[in-house]
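Chains as they are written, first to last, in numbering that gives the first Met the number 0: chain A, 0 to 530; chain B, 0 to 298.
No lab work stands behind these hints: they were computed from the structure. Check each hint, because a few of them may be wrong.
[Stated by the list, open to error] The list that follows gives simulated cross-link-like pairs (lysine-lysine, DSS-like), each with its CA atoms no further than 25 Å apart:
(1) A:Lys274 - B:Lys48
(2) A:Lys158 - A:Lys185
(3) A:Lys311 - A:Lys205
(4) A:Lys286 - B:Lys101
(5) A:Lys211 - B:Lys173
(6) A:Lys211 - A:Lys314
(7) A:Lys255 - A:Lys265
(8) A:Lys255 - A:Lys207
(9) A:Lys334 - A:Lys207
(10) A:Lys185 - A:Lys265
(11) A:Lys265 - A:Lys189
(12) A:Lys207 - A:Lys311
(13) A:Lys71 - A:Lys311
(14) A:Lys205 - B:Lys173
(15) A:Lys314 - B:Lys101
(16) B:Lys48 - A:Lys311
(17) A:Lys334 - A:Lys239
(18) B:Lys48 - B:Lys101
[Claimed, not checked] For the chain B half of the interface with chain A, some residues (derived, Cβ under 7 Å), not all of them:
(19) Phe14
(20) Leu45
(21) Phe128
(22) Leu129
(23) Ile215
(24) Phe218
(25) Glu231
Since the structure is predicted, the reported quantities are computational estimates derived from the model, not experimental observations. All C-beta atoms, glycine included, are put in the ideal place defined by N, C-alpha and C.
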Amino acid sequence: MKNRAVIALFALVLALTLAVTACAGPAATATPTVPAATPTGPVVRGPVSIDVVRSTNMSQSYSDDIFRNFVKEMFDLTLNYSYYPSSSFLEKLSLSFATDSYGDMMEIVDIATINRYAKDGFILPLNEYIDAKLTNYKKAYSESEWDYLMSSQTDASGKLFVLPVRMASGSTGSNIFFYRSAQFEKAGVKVPTTVQELYDGLMAIKAKLNPKVTMPNQWGLANVYSGFDCAFRTQNGIWKDPDEGGRLVYGPVTDKFRQLLQYMNKLYESDLLAKEFSTMSDQQFWKEYAAGNTYVCWRFPGFQVRLNGILKAAKIEQDWEYDTGNLLLSAYPDKGPLQQRYGSFYSSGTALTDKLEPAELDRVLEYLDWSCTEEGQIFHEFGIEGETYERKDGIPTFIGKYSDATETSPAGSYYGNLQDYGPFGYFLVENEPHAERAYPDYQITNAALKDMESMDLFIPIPYRFTPAEETRQAELYVVVDSVSKEYQLSFIVGQKDPNSDADWNEFLSKMNAAGLEEYMTILREANGRIP
Amino acid sequence: MIRDRSLTSRFIDIFVYGLSIFVFIVTLFPFLNIAATSISGNLPVLTGKIGFLPVEPTFEAYTRVLSNWLIPNAFFNSILYTALSTVYSVVVTLMMAYPMAKKDFVLRKPVWYMLVITMYFSGGMIPTFLLVREVGMMDSWMSQVFPLAIAIGNLILMRIFINNVPVELEESAKLDGAQEITVFFRIILPLIKPGIATISLYYALWKWNDFFNPMIYFFSFEKFPLTVVLREIVLQGSNVDKFMSAAQMAQPDTDIYMEAYVTRLKDTALLVSMLPILIVFPILQKYFIKGMNEGAVKG
Numbered sequence: 000m001k002n003r004a005v006i007a008l009f010a011l012v013l014a015l016t017l018a019v020t021a022c023a024g025p026a027a028t029a030t031p032t033v034p035a036a037t038p039t040g041p042v043v044r045g046p047v048s049i050d051v052v053r054s055t056n057m058s059q060s061y062s063d064d065i066f067r068n069f070v071k072e073m074f075d076l077t078l079n080y081s082y083y084p085s086s087s088f089l090e091k092l093s094l095s096f097a098t099d100s101y102g103d104m105m106e107i108v109d110i111a112t113i114n115r116y117a118k119d120g121f122i123l124p125l126n127e128y129i130d131a132k133l134t135n136y137k138k139a140y141s142e143s144e145w146d147y148l149m150s151s152q153t154d155a156s157g158k159l160f161v162l163p164v165r166m167a168s169g170s171t172g173s174n175i176f177f178y179r180s181a182q183f184e185k186a187g188v189k190v191p192t193t194v195q196e197l198y199d200g201l202m203a204i205k206a207k208l209n210p211k212v213t214m215p216n217q218w219g220l221a222n223v224y225s226g227f228d229c230a231f232r233t234q235n236g237i238w239k240d241p242d243e244g245g246r247l248v249y250g251p252v253t254d255k256f257r258q259l260l261q262y263m264n265k266l267y268e269s270d271l272l273a274k275e276f277s278t279m280s281d282q283q284f285w286k287e288y289a290a291g292n293t294y295v296c297w298r299f300p301g302f303q304v305r306l307n308g309i310l311k312a313a314k315i316e317q318d319w320e321y322d323t324g325n326l327l328l329s330a331y332p333d334k335g336p337l338q339q340r341y342g343s344f345y346s347s348g349t350a351l352t353d354k355l356e357p358a359e360l361d362r363v364l365e366y367l368d369w370s371c372t373e374e375g376q377i378f379h380e381f382g383i384e385g386e387t388y389e390r391k392d393g394i395p396t397f398i399g400k401y402s403d404a405t406e407t408s409p410a411g412s413y414y415g416n417l418q419d420y421g422p423f424g425y426f427l428v429e430n431e432p433h434a435e436r437a438y439p440d441y442q443i444t445n446a447a448l449k450d451m452e453s454m455d456l457f458i459p460i461p462y463r464f465t466p467a468e469e470t471r472q473a474e475l476y477v478v479v480d481s482v483s484k485e486y487q488l489s490f491i492v493g494q495k496d497p498n499s500d501a502d503w504n505e506f507l508s509k510m511n512a513a514g515l516e517e518y519m520t521i522l523r524e525a526n527g528r529i530p
Numbered sequence: 000m001i002r003d004r005s006l007t008s009r010f011i012d013i014f015v016y017g018l019s020i021f022v023f024i025v026t027l028f029p030f031l032n033i034a035a036t037s038i039s040g041n042l043p044v045l046t047g048k049i050g051f052l053p054v055e056p057t058f059e060a061y062t063r064v065l066s067n068w069l070i071p072n073a074f075f076n077s078i079l080y081t082a083l084s085t086v087y088s089v090v091v092t093l094m095m096a097y098p099m100a101k102k103d104f105v106l107r108k109p110v111w112y113m114l115v116i117t118m119y120f121s122g123g124m125i126p127t128f129l130l131v132r133e134v135g136m137m138d139s140w141m142s143q144v145f146p147l148a149i150a151i152g153n154l155i156l157m158r159i160f161i162n163n164v165p166v167e168l169e170e171s172a173k174l175d176g177a178q179e180i181t182v183f184f185r186i187i188l189p190l191i192k193p194g195i196a197t198i199s200l201y202y203a204l205w206k207w208n209d210f211f212n213p214m215i216y217f218f219s220f221e222k223f224p225l226t227v228v229l230r231e232i233v234l235q236g237s238n239v240d241k242f243m244s245a246a247q248m249a250q251p252d253t254d255i256y257m258e259a260y261v262t263r264l265k266d267t268a269l270l271v272s273m274l275p276i277l278i279v280f281p282i283l284q285k286y287f288i289k290g291m292n293e294g295a296v297k298g
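Kindly generate the complete structure, drawing on both the sequences and the hints.
Here it is as structure tokens:
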């Protein structure tokens, strides 16, 4: 009898354990909330507490106390942070929406992703608050920049769901070419200004100085054209070609792109372009730099410090340079190269969700708009005066553990993010004077590239698709892109001859068979709907 | 045993040994390469000169990884979650296996069927997530210990072990006046130690390597275990700067070596994360193999 009682007791404990663990209860339905409606009702001033979601690669949780305390004191607003691992951010975000456990505000979230969730009504449209409550945010943009933002980052009905992070013009600009100028001189050739001069120069170096001269490539096929696409005034994708009156074209099927492919093929056949260019790892890429086999590089201004550092470590003459009078290469000297220009905002920003009550929303907007003022920008980039920074000759400078070179505690161990995103890993509008000091090389190159503002080369094309068009163009894109890449690779490595009209026409006919015409028609119509 | 010394047999032996050695080398090489990279200098790593052996050996990456808060903190979290969940899982598995091994337990069959069904049909991710949230375990160590505490495979293994204990021993103890609890602790438990070691290792390995559950249940950066932090570093390349002091990031030399530094830090972090299992496995291996064999041939 006792035996049975003990066994029954065990069984009872087991059943309870089962209930809590293995056998989860009846499946709860993940009901999407009702479509986002603008919260209405009276706004009451008082303490407000909200949940904020942030990705871990932008998190500085150890300094958030200073940040949160300041925001709480100034706005009576408590920010409760949840950190989502950046490597699985999307999975966790999806789960949070499916289980109704998403936060009130999301920082540094991808605009395209949030626009998708907005369709299910989770995200608040922000249009009506821009002129009323986010005036400082709007002020950070010029009129044309704002128009572009509203046409490119909104959904099909023109609703804006994310406030993109505004970049300082002082922190952005074109990539430029760097050369190992001393080696060009030693080989008896001048630093190139055209693609032909580059080819001749590299061949001369190869003949006179180094039997192995190579141009390594990172990040696959798409990146191999970097800099050369500017020289040939073309793009590997959809863009508005100024040489065709700003018409929307698919770059790879144009004559200019064919000439680019002919040039890349020539580099490949002459052993100047790395044979593994489409599959190179980062380690393989840098190995060539460290071995001193690389003589030309396309990167952002200021990169020569790193390039020369590699040579220094390898005990090779440090001669990487750029020349403000000679920053880009040209394939058509009569026209010159196109220049690169990035948008004035990041592809990520801050979104608010439908969980915000009217009082909460009001307070959050008040805080966000303040963060766009000069005072707010400095706060987000440098922290609190006297605690995290002090002004030296009027310039905010980190102090204490935030500037301690030997600090290994959390506060001192994120110098990279400190430089880029401030002690709190986040800002909505980047402070222009700070960016100008932090990135002096951009100022030099931007001044040299005077036509920068007139170029739209790397700015994404905005579209307003109908639902049917959106589905169809996505289907077509997969096929068109696949055929295009296959042929581009074949042309560069010589499996197809870019100089042969027969091969080129075969490529064009394959692209048409893949649906390029229909694809372009849809894109042109969708682009035409942008006001 | 008579050895077959025929030519065919010898050829097969050579082939099998050769294949085994080849597989051994192929498996070992990445590990050795990671180990060598983690203790090599920046330039050899940058120039791709690392094979099996370190070049310009230095333990600087280890010093950096272990002196920074990120990895030790995640390491501690992993040990804590693994230890707590393993102990709890083993205890509740034993508690469940014992009655399931008793033929006179009237509810044995229905409960057993209920258990086995969960091997094929689980509650699903979202209901489990909601359950964990509703019982207040989110962002807590409890979310790593209590949910999914029992693996049915381990339960079956333990039931087999308990069944294999001769019933005469149990009856003899009872004749001497032992209660059920005494029988369990004095007779059954000592005889199923290999089984306990086996399932402990299974549970510990599972929890140590578990990425998904911590990823969905934790929201605080400082509570993430090693798996989540490592995945961030290895896949995303993020947070590497957190291993570096301001001094290192500010020095031109560090910036120069960033690519190599990232590789070395990743490899060091990977190796550090492997260490506990590498240490524990050989110690428990004899129980592990014994337990697996016994569980496999008897039922």
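Evaluation of the provided hints:
With a C-alpha separation of about 20 Å, the suggested pair Lys274 (chain A) and Lys48 (chain B) falls inside the 25 Å cut-off, and the hint holds. Of the supplied pair hints, the one linking Lys158 (chain A) and Lys185 (chain A) is violated, its CA atoms being roughly 59 Å apart against a limit of 25 Å. At most 25 Å may separate the alpha-carbon atoms for a hinted pair to count; Lys311 (chain A) and Lys205 (chain A) meet this at roughly 22 Å. Of the pairs offered as hints, the one joining Lys286 (chain A) and Lys101 (chain B) is violated, with about 66 Å between alpha carbons and a cut-off of 25 Å exceeded.
Under the criterion of a C-alpha separation no larger than 25 Å, the hint pairing Lys211 (chain A) with Lys173 (chain B) is inconsistent with the structure, at around 85 Å. A threshold of 25 Å between alpha carbons decides the hint, and for Lys211 (chain A) with Lys314 (chain A) the separation of about 18 Å falls inside it, so the pair holds. The hinted pair formed by Lys255 (chain A) and Lys265 (chain A) meets the criterion: a straight-line CA distance of about 15 Å does not exceed 25 Å. With a C-alpha separation of about 32 Å, the suggested pairing of Lys255 (chain A) with Lys207 (chain A) is violated against the 25 Å cut-off.
Using a Cα cut-off of 25 Å, the hinted pair Lys334 (chain A) and Lys207 (chain A) is violated, with the two alpha carbons roughly 32 Å apart. Of the pairs offered as hints, the one joining Lys185 (chain A) and Lys265 (chain A) holds, with about 24 Å between alpha carbons and a cut-off of 25 Å not exceeded. At most 25 Å may separate the alpha-carbon atoms for a hinted pair to count; Lys265 (chain A) and Lys189 (chain A) meet this at roughly 21 Å. For the proposed pair Lys207 (chain A) and Lys311 (chain A), the alpha carbon gap of about 22 Å is at most 25 Å, so the pair holds.
Between Lys71 (chain A) and Lys311 (chain A) the CA atoms are separated by roughly 49 Å; this puts the pair beyond 25 Å, and the hint is violated. A C-alpha spacing of about 91 Å is found between Lys205 (chain A) and Lys173 (chain B), which places the hinted pair above 25 Å, so the restraint is violated. Note on Lys314 (chain A) and Lys101 (chain B): the hinted pairing is violated, with a Cα-Cα distance of about 75 Å set against a maximum of 25 Å. At roughly 18 Å between alpha-carbon atoms, Lys48 (chain B) and Lys311 (chain A) fall within 25 Å of each other, so this suggested pair holds.
Restraint check: the Cα-Cα separation between Lys334 (chain A) and Lys239 (chain A) comes to about 17 Å, which is no more than 25 Å; the hinted pair holds. Of the supplied pair hints, the one linking Lys48 (chain B) and Lys101 (chain B) is violated, its CA atoms being roughly 62 Å apart against a limit of 25 Å. Hint status for Phe14 (chain B) relative to chain A: violated, with the closest Cβ pair at about 34 Å, above 7 Å. A least Cβ separation of about 5 Å between Leu45 (chain B) and chain A falls short of the 7 Å threshold, and the interface hint therefore holds.
A hinted interface residue such as Phe128 (chain B) counts as satisfied when its beta carbon comes closer than 7 Å to some beta carbon of chain A; here the least separation is about 5 Å, so the hint holds. A cut of 7 Å between beta carbons decides the hint on Leu129 (chain B): the least distance to chain A is about 5 Å, and the hint holds. Evaluation of the Ile215 (chain B) hint against chain A yields a held restraint, the C-beta minimum of about 6 Å falling below 7 Å. Evaluation of the Phe218 (chain B) hint against chain A yields a held restraint, the C-beta minimum of about 4 Å falling below 7 Å.
A cut of 7 Å between beta carbons decides the hint on Glu231 (chain B): the least distance to chain A is about 5 Å, and the hint holds.
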